[in-house]
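*Asks:* Take a look at the letters that make up each chain.
Number of protein chains: 4
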Amino acid sequence: MAVAAPARSPEAIPATMKAAVLFGPQDLRVVDKPVPKPEPGEALVQVAMCGMCGTDLKIYDGEFPLTPPYGQFTPGHEWTGRIVALGDGVDEFAVGDDVAIEAHHGCGRCDNCVTGKYTACLNYGNRVKGQRATGMTADGGFAQYAVHHVGSLYHLPKPLGYKDAVLIMTAGTGLYGLEVAGAYVLGADVAIWGPGPVGLMTLQAVRELGANSVILVGTRAGRLEMGRKLGADEIVNAHETDPVERVMEITGGKGVDLAIEASGAVEAPQQCASVTKRGGKILVVAFYPGPVSLDLSAIVRGDISIFTSRGEGGNNVKRAVSLARRGRLQCAPLVTHEFALGEIGEALRVMRERIGDPLKIVVVPPAVPA
Amino acid sequence: MAVAAPARSPEAIPATMKAAVLFGPQDLRVVDKPVPKPEPGEALVQVAMCGMCGTDLKIYDGEFPLTPPYGQFTPGHEWTGRIVALGDGVDEFAVGDDVAIEAHHGCGRCDNCVTGKYTACLNYGNRVKGQRATGMTADGGFAQYAVHHVGSLYHLPKPLGYKDAVLIMTAGTGLYGLEVAGAYVLGADVAIWGPGPVGLMTLQAVRELGANSVILVGTRAGRLEMGRKLGADEIVNAHETDPVERVMEITGGKGVDLAIEASGAVEAPQQCASVTKRGGKILVVAFYPGPVSLDLSAIVRGDISIFTSRGEGGNNVKRAVSLARRGRLQCAPLVTHEFALGEIGEALRVMRERIGDPLKIVVVPPAVPA
Amino acid sequence: MAVAAPARSPEAIPATMKAAVLFGPQDLRVVDKPVPKPEPGEALVQVAMCGMCGTDLKIYDGEFPLTPPYGQFTPGHEWTGRIVALGDGVDEFAVGDDVAIEAHHGCGRCDNCVTGKYTACLNYGNRVKGQRATGMTADGGFAQYAVHHVGSLYHLPKPLGYKDAVLIMTAGTGLYGLEVAGAYVLGADVAIWGPGPVGLMTLQAVRELGANSVILVGTRAGRLEMGRKLGADEIVNAHETDPVERVMEITGGKGVDLAIEASGAVEAPQQCASVTKRGGKILVVAFYPGPVSLDLSAIVRGDISIFTSRGEGGNNVKRAVSLARRGRLQCAPLVTHEFALGEIGEALRVMRERIGDPLKIVVVPPAVPA
Amino acid sequence: MAVAAPARSPEAIPATMKAAVLFGPQDLRVVDKPVPKPEPGEALVQVAMCGMCGTDLKIYDGEFPLTPPYGQFTPGHEWTGRIVALGDGVDEFAVGDDVAIEAHHGCGRCDNCVTGKYTACLNYGNRVKGQRATGMTADGGFAQYAVHHVGSLYHLPKPLGYKDAVLIMTAGTGLYGLEVAGAYVLGADVAIWGPGPVGLMTLQAVRELGANSVILVGTRAGRLEMGRKLGADEIVNAHETDPVERVMEITGGKGVDLAIEASGAVEAPQQCASVTKRGGKILVVAFYPGPVSLDLSAIVRGDISIFTSRGEGGNNVKRAVSLARRGRLQCAPLVTHEFALGEIGEALRVMRERIGDPLKIVVVPPAVPA
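Residue numbers (numbering that gives the first Met the number 0), protein chains in the order written: chain S, 0 to 369; chain Z, 0 to 369; chain A, 0 to 369; chain G, 0 to 369.
Bound-form chain S, shown alone (with noise of 0.2 Å):
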């Protein structure tokens, strides 16, 4: 790991960073800030890289709910590094232990926290009862310095390195969104629409899961042969070929037990419920541009249900960390381009328009002077 931030001693702790801030829709700077201080139950880390994904550019281009305000916000949730300040009463980490994180901490009082569903905390944006999307609706990991509550931190050991770190919690999502529809995927046929950083990380999780087969749909060659390479049993081109008929096709006019949709494409939730067998099950992982259509009837008189997951709760973070910790997860690998904080704006113009094809952009802020 070529980034390796130092452990720092608290003192050395500067009073300002370099971070980026939000001044209105994409007008995205690199400014510098106050470094935050942990509060009780927070720890203080020094940021190694941080990930982009489709969320940002909705947060860029000021579309994203209940985020803080422009002049303030620092957006950037999946970021990961080295612990350099403990909050009262952590002892659940030491200063210079590396992290990966989850993006939501709950409000730890509504309905759904106290249950456990923190993603769909009753409070969400809500900073004062505590409730904090890092990245979202708190300050993120766009910079050199991020604060994050210890109940959304984990331990990242060898031989892991922030670059899984950053897939880690992509992973956790997928997991999260296989727990909610059952868990129990040993034997099961599946189909994935998607080879993105979702659709490959949840890919790998219902292969080591125990899946009896997995069938990846996409439409970019690079992304179905690393999906290939992660484990996929067959790849379907839906530009070359219709995938329904073809995961028909493939499951000798069976179907499958799990569709799980990380696409995004308004025709593929119809597509997944066209494949999935009586009492089968449809997880749906990604976000649309429009309204989607769906043969309810067709999916009622099957039996099948659809669940949702829109991030890494469940505290599935751990269990991915634990997963790729012995080398059951492929991390690193997706991460396919690297940019310097200062050149955020060119790291969103590449994921926006796709230029060579990115898996998962990271970027890495300057390092902090000893």
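Check the hints yourself; a few may be wrong.
Since copy identity is lost for identical chains, a pair holds within one copy or between any two.
[To be verified] Cross-link-like lysine to aspartate or glutamate pairs, in silico, DMTMM-like; alpha carbons within 25 Å at most:
(1) Lys157 / Glu337
(2) Lys157 / Asp110
(3) Lys32 / Glu342
(4) Lys36 / Asp87
(5) Lys36 / Glu91
(6) Lys253 / Glu62
(7) Lys157 / Glu207
Because the hints were derived from the structure by calculation, they are not lab data. What you are looking at is a predicted structure, and each value in this text was computed from that prediction instead of being measured.
With chain S held as given, fit chains Z, A and G onto it using these hints.
*Replies:* The following block gives chains Z, A and G in isolation, referenced to the frame of chain S:
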């Protein structure tokens, strides 16, 4: 109960019976037909009455898949009556027992049946392998006699009567949906779209399972009033007010924990989604005349799951019988119309054209001479 | 409700209060003590009354782990009252609101709390990390005032009173156990050992959730009669008849789907196992004076699962409040004895020696002068 | 696989076969007996081999309930082989297919079978109603031929052989237990007591399902070493060290999320409880020579649940076949001893007396002359 069918000794069973037989689309005739013989594990029931639902209209119109051939097929899946003969090995029932039924009997050997999901039998329509959905993939109850597997029969205890039995099966559909959706509605705020038989039975079910509040949405004043009597805290006439706005108003802007779609209106599923809290659930127990459009992004963002139930699976008719026996399900009051078997064509017309705003229509076969 | 606590403006809150403080084993004294201040996320409640249970005897005897130090600790975990002050950021409640409580508030950061299992908090007893089980690991309600986290407070709606609130919390223990055990008792045959407060509240819960039949087993005639009034179909006095034989007789040799052990008698768990059907469940909501002997082979052969609940987790107090509000839980009738705070020693003696066969004893602190 | 059974045309099936028949306690003789005929829904299998387990000793000793009568009954429930004839209506398999089996086939009509819990069939032992646990309540596989219901047969795909099939069924027992216990062991710390066949297969299952760490506790060095090869991170010899202390030491005092009792030692269940975290789970997949003593109070205080599995239910043999097919279950290496059918008495003695520390003993019937 005026329509009591007297217990009969097996010798008294005639060789032929009156039964409605579908000879082609919209060509349903009452003819003479051999009384079926119960195979091992089956019972022969003298039908006391048979309810009618929307599926029967599809069957009558020739639009329902996997039915037996024209010229042979007797529809009718909501029947009840008294056992008059037993197949080999049956000791769960005695001749003279009154029974409620569930329509679906699975093959017992596919992956779904083996694991208890028999309404989703993967051998649906395969008589040879043992699947039979009475009145759909096998002969049903628009007849003087019908056979069924004992695994799909339930004792009808005092003080319940045949009209209760017809609706108990309908209740099973809602209860199975609730079970699939997690079953624990105690303390939940619930909204139900569609005050037809399924909606009204499901309303009572969520009421009895301890819903904190129940809002019923519909378009027909009479049905809404019936819903109020059966336990709805609030009723909303969607012809008079925007149901989404009204449900949000009633719930103080919070929405509901569980939205149940039992109306079959194509706009209703999205309305359900619009009133469901983050982390909440949607249960669909209806069929639609066309595609349904959903804001699936919002559903994913809200960590909302969608469950479905095509019918009364999971042994839930047994549960419904128990609830009704203790006086906690009002069933017979939903039977608004009664027709003789010979008038079945008229009965279908009354249902289709909603003449007299029927809730549940039952068809009564002629008494068997002693 | 005779013991109404008038709403008070924050200014009127005195600096000190009367509170029972444990100075050593069996050395509980009512002394003056500072009124606690609500921290952010907390509320200060003027205690109207506080119930007493077997755990309080263990605490009094000095046998309960992880309590605050002698000389400081105020026990009492079944309290209720009126909010008189709010910590920062609390808008879920207003001064003057009556509340029911649950005892356990988790740390919000361990693996169990994050996933909603806060009664099993892995930081149990760790005040710094935020865990507080009021009256057990933090000061409780044998006092004029108590603080608690808002996540553990529930609005007490009309027509419920404080005596109801005391038992509602107890109902939460049974409901959480039922939830852990799968929650769907509709149509089930149930046997309950132990007609104490937990048993009688759980009896009502299974009754309301739709149990087909409920058999109550106990040894004290008065409590069994109370159980009959609260919905038991059959009562069995284990002093007069063999309870296993009798339950099997009542069930026609079939046994029950769910056996609930709420007695704390060491022989009762095996009796529960002996009457549980293949594939059935046992729920244990009691504590034992010594080891329990089980025929575990028979339990395995029967595919029987054993669930437990130590307290009112999973937001089930909210569910219990809803059930009680609708008149479906009888609570206040279980309060058989009422003592002033100054008589708490006598109250403990009455409970321990079962003087007058007490069901639920409550302790009432002195009114605060206006 | 040396013991290949050649595919045979139905005509070639002889009228009689060699089969072990139990004539009384410890009186098992290999005799000639008619080859059974497959009924509708059944298949006739030429047995390639049949494993032996502790239950067979109980059967041999005459201590197992509900078996067929002496003089007729052929035990053996861990068999595998090749299909040689099909009953009416069977198209799931073809003559010549190799199959793995599960022992339990349910009646398909009791409350448990209807809802998928067929190992807990309420008509257990009732052949007329269709229940058959091969080798227990129906004739089994210590014979040249055996029949079974197709719902209990599974295709044995390449590259798996018969020795694999014997252990695959054993794996199904552990997998069903894991499913009953919630199925999602990803990231969990696990301890397993008992490195016998069930323990070692379950060890592999939790390993493959993503356990974070697995500790194996046993008393025989050879079995513990086998466990290490199959994926145990740590092994503990309970003859050399206190297993509870050692597990707590290994886990840094935290204990495990899931403890699995597969040893059958009466002290082991309490040891499992002693190392299980608050909110954790215990799975029991063993039988005991006498009563088991538990500190049930501590289990309740810890919110710990106890799950059991008597056998390979829930379609888990299908799942196990899939896992084995992908090379993720080592099966055949556990077969340490092979005996001819004529030596079955010696095989039983070797198992009972642990001669040569057998793991899995298989019995091979004589080849059928072509």
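*Asks:* Each of the hints needs a verdict: does it hold here or not?
*Replies:* Here is what the structure says about each hint:
| no. | hint | result |
| --- | --- | --- |
| 1 | Lys157 / Glu337 | within (22 Å within a copy, 44 Å between copies) |
| 2 | Lys157 / Asp110 | between (37 Å within a copy, 21 Å between copies) |
| 3 | Lys32 / Glu342 | within (18 Å within a copy, 60 Å between copies) |
| 4 | Lys36 / Asp87 | both (11 Å within a copy, 20 Å between copies) |
| 5 | Lys36 / Glu91 | within (18 Å within a copy, 28 Å between copies) |
| 6 | Lys253 / Glu62 | between (41 Å within a copy, 23 Å between copies) |
| 7 | Lys157 / Glu207 | both (20 Å within a copy, 20 Å between copies) |
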